[in-house]
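Enquirer: The residues making up each chain are set out below.
Protein chains: 2
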Amino acid sequence: MATEACGEKGQVQLLGGSLSSFVLRVRIALALKGIDYEFIEENMQNRSQLLLQSNPVHRKIPVLIHNGKPVCESMIIVQYIDEAWDTKAPNLMPKDPYDLAIARFWAAFVDDKLVPCMRRVFAGHGEQLQKEAEDLVTNFHLIEEALRTNSCFSGKAYFGGDKIGLLDIALGGMLAVLKGLEKATDTVIIDPEKMPLLSAWMDRFCQSNGVKEVMPDPAKQLESLSARRARLASPAGN
Amino acid sequence: MATEACGEKGQVQLLGGSLSSFVLRVRIALALKGIDYEFIEENMQNRSQLLLQSNPVHRKIPVLIHNGKPVCESMIIVQYIDEAWDTKAPNLMPKDPYDLAIARFWAAFVDDKLVPCMRRVFAGHGEQLQKEAEDLVTNFHLIEEALRTNSCFSGKAYFGGDKIGLLDIALGGMLAVLKGLEKATDTVIIDPEKMPLLSAWMDRFCQSNGVKEVMPDPAKQLESLSARRARLASPAGN
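Taken in sequence, the protein lines are chains A and B. Note that the working numbering has the first sequence beginning at 75, numbered continuously upward. Note that the working numbering has the second sequence beginning at 75, numbered continuously upward.
It is worth saying that the hints were derived from the structure and are not from the lab. One or more hints might be untrue.
The list makes no distinction among identical chains, and a pair is therefore deemed to hold if it is satisfied within one copy or across any two copies.
Stated by the list, open to error - Taking lysine-lysine and the DSSO-like style, the derived pairs with C-alpha atoms no more than 27 Å apart in a straight line are: (1) K257 to K237; (2) K143 to K237; (3) K143 to K230; (4) K257 to K286; (5) K143 to K187; (6) K169 to K237; (7) K107 to K169; (8) K294 to K143; (9) K134 to K187; (10) K187 to K257; (11) K205 to K162; (12) K268 to K187; (13) K257 to K143; (14) K143 to K205; (15) K268 to K286; (16) K107 to K230; (17) K169 to K205; (18) K253 to K237.
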């Protein structure tokens, strides 16, 4: 898993987990920029001293450690990567301030609306699950609508234009868990008939270079999600 | 309240409310950059068509409309202002990518931890209020600690160094409500003895040019908060 990483811009380490959506965002950004790094798998049941020292406030992954200095929070790390390696193509952030604001707006929508909604679907059963799944579908429809009508996105291969950018990474990092969640809960969230643009984007994103190499194994993702759901539903509930 | 605003970079309008912390952040950024704008006071009980069209996803203030194009979410707007008027001093975002990541980290901490905690204090009474206030104090202590030990901040006048920056605005926008909240709930959150650095920063920030001119009237802020708390506690609870 680990590769030695001490290139032109110094040493890069990533504290992460191989099935975490938030870590996946960072791995995609590093892969797209062609940055070598050492991947350090964290056991979240027994967090390392390095993690606790590097992210004492949240004690969460991912943490990027660049020349000994930690950066936390996935989308802050993605922006940091683009800015610290600004001369390295591709640029992940649009140069136009308005396009960047729109990308940031929808990336925040993913974190503030979609992710909590996905968590509720994950924890739901029966009628509650159906209700939460409908909410999640409604939220994804807003993104389909943005793809269709927002001049920053419509008619383009990616949210970032002709190449993957900030919002692609914010949303794309969630796809492995989303697909596992659909299977684990036996629900359909992204119906290609009803969300053709989003569905086509998903396929394009998952098959693109820099992404397909780091996407988690779907079987392992499903197994992990199903096991966690079963634990959550058990009388002990942990 | 409104001023005509059609300068070198086109027309700027801000949909806001005079007592909103999130709107205040944007007003501070605009004031510091010396950008003229038209302030349009929104009635949140009866939102305008312009607001609903400009922010259909969240239907919230603030919204900055620049040459007819809306930007939503306070910290996204603040970054947009700095980037769209990048040749206009002062820069609100550090040039160094690591310093910027640290400022973004703590700005996200304000939104994700402090603000929800302030809301729980606002809604609390009796023992519950005391518990929530203690949580809020604990969170502010983390900021005091960062001011003391983080090399990005320690020994500097502002989080942004010798001038106000992104994190000063993120946290500073909350101060009018925080002070009102302390009075309305008869609690002390920022004890100058226990948080001397944060307390000194608060005084410096509130008295600085570009900030003091747009800070809401403390009496009006307190009156509004007290009235909302009383409505929340009434049997109708709305």
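Enquirer: None of the hints should be skipped; say for each whether it holds.
Expert: Hint-by-hint comparison with the structure:
1. K257 to K237: For K257 and K237, neither the intra-copy (29 Å) nor the inter-copy (52 Å) Cα distance is at most 27 Å.
2. K143 to K237: The answer is between: 24 Å across copies meets 27 Å, while 29 Å in one copy does not.
3. K143 to K230: between (37 Å within a copy, 20 Å between copies)
4. K257 to K286: Classified as within: same-chain Cα gap 20 Å, cross-chain 55 Å, threshold 27 Å.
5. K143 to K187: The answer is between: 23 Å across copies meets 27 Å, while 31 Å in one copy does not.
6. K169 to K237: Classified as both: same-chain Cα gap 13 Å, cross-chain 25 Å, threshold 27 Å.
7. K107 to K169: both (16 Å within a copy, 20 Å between copies)
8. K294 to K143: Classified as neither: same-chain Cα gap 32 Å, cross-chain 44 Å, threshold 27 Å.
9. K134 to K187: both (20 Å within a copy, 15 Å between copies)
10. K187 to K257: within (21 Å within a copy, 33 Å between copies)
11. K205 to K162: Result: close neither inside a copy nor across copies, 45 Å intra and 49 Å inter.
12. K268 to K187: within (20 Å within a copy, 37 Å between copies)
13. K257 to K143: neither (39 Å within a copy, 40 Å between copies)
14. K143 to K205: So K143 and K205 fail the 27 Å test inside a copy (43 Å) and across (35 Å) alike.
15. K268 to K286: within (25 Å within a copy, 51 Å between copies)
16. K107 to K230: within (21 Å within a copy, 34 Å between copies)
17. K169 to K205: neither (40 Å within a copy, 46 Å between copies)
18. K253 to K237: within (23 Å within a copy, 47 Å between copies)
The structure fails hints 1, 8, 11, 13, 14, 17 (numbered hints given earlier, in ascending order).
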